[in-house]
Amino acid sequence: EAQVTQNPRYLITVTGKKLTVTCSQNMNHEYMSWYRQDPGLGLRQIYYSMNVEVTDKGDVPEGYKVSRKEKRNFPLILESPSPNQTSLYFCASSLQGVRSYGYTFGSGTRLTVV
Amino acid sequence: AQSVSQHNHHVILSEAASLELGCNYSYGGTVNLFWYVQYPGQHLQLLLKYFSGDPLVKGIKGFEAEFIKSKFSFNLRKPSVQWSDTAEYFCAVTSSGGYNKLIFGAGTRLAVHP
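Residue numbers (the numbering used here), protein chains in the order written: chain A, 1 to 114; chain B, 115 to 228.
Bound-form chain A, shown alone (with noise of 0.2 Å):
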């Protein structure tokens, strides 16, 4: 089944304790990215990534990192979690990009930072 999906489900961590959020797609999709989704807010992107090796910031980067190293990985990274990225996050991928196929969307990850 082609699908984007993310590990874990829910993750509750405290302030500063370093982690991961995995995401991996299986439709060798080129384009990925990394969204939040807060009330109110809709979702705003963190990060993209063109292809391999390739990534650029979002509107919301800071405190995130991300890296490309395979073409179906795409891992979020939180070196210094804070309450502030206590949020929803979902990964997306897209075939060549938005413009032409919008995103398929991972089912979330629920991040409580305390």
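Keep in mind that the hints were calculated from the coordinates and are not lab data.
Please read these numbers as outputs of a predicted model, since none were measured by experiment.
Idealized CB from N, CA, C, for every residue including glycine.
Heads up, some of the hints might be wrong.
Sample of chain B residues facing chain A (criterion: CB under 10 Å; computed from the structure) [said to hold, decoys possible]:
1) G155
2) F204
3) K215
Lysine-lysine pairs mimicking DSSO-like chemistry, simulated, CA-CA at most 30 Å apart [as the list claims (entries may be wrong)]:
4) A:K18 <-> B:K215
5) B:K215 <-> A:K69
6) B:K163 <-> B:K175
7) B:K185 <-> B:K175
8) B:K215 <-> B:K183
9) B:K215 <-> A:K65
10) B:K172 <-> B:K215
11) B:K163 <-> A:K71
12) A:K71 <-> B:K215
13) B:K163 <-> A:K57
14) A:K57 <-> B:K215
15) A:K71 <-> A:K17
16) B:K175 <-> B:K215
Could you slot chain B onto chain A? The hints should help.
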């Protein structure tokens, strides 16, 4: 900067009522427009998209949207809603700058009562 406005944050309807959710965007050039739906506890799913051609776009589950360029609008409609349409609906537009940025509105929560 490009932006998307969804006029209604919460909508409550009875089953069989007609639905129209407003969406306006700020960019005056060529745009690609999307409506996504998020059912409770689930990820975003594509309802419909507009790239070019017929401004009346039909999507899944009986939804349609009309692109009115002069009004910078892309309103979502459904003639008769069902309880199962209870969800949050997001309008989104591609940015003028890149292939990967999908800019979302804040979302509209729809509750349909039996």
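Hint check against the structure, violated hint numbers in rising order:
Failing hints: none at all.
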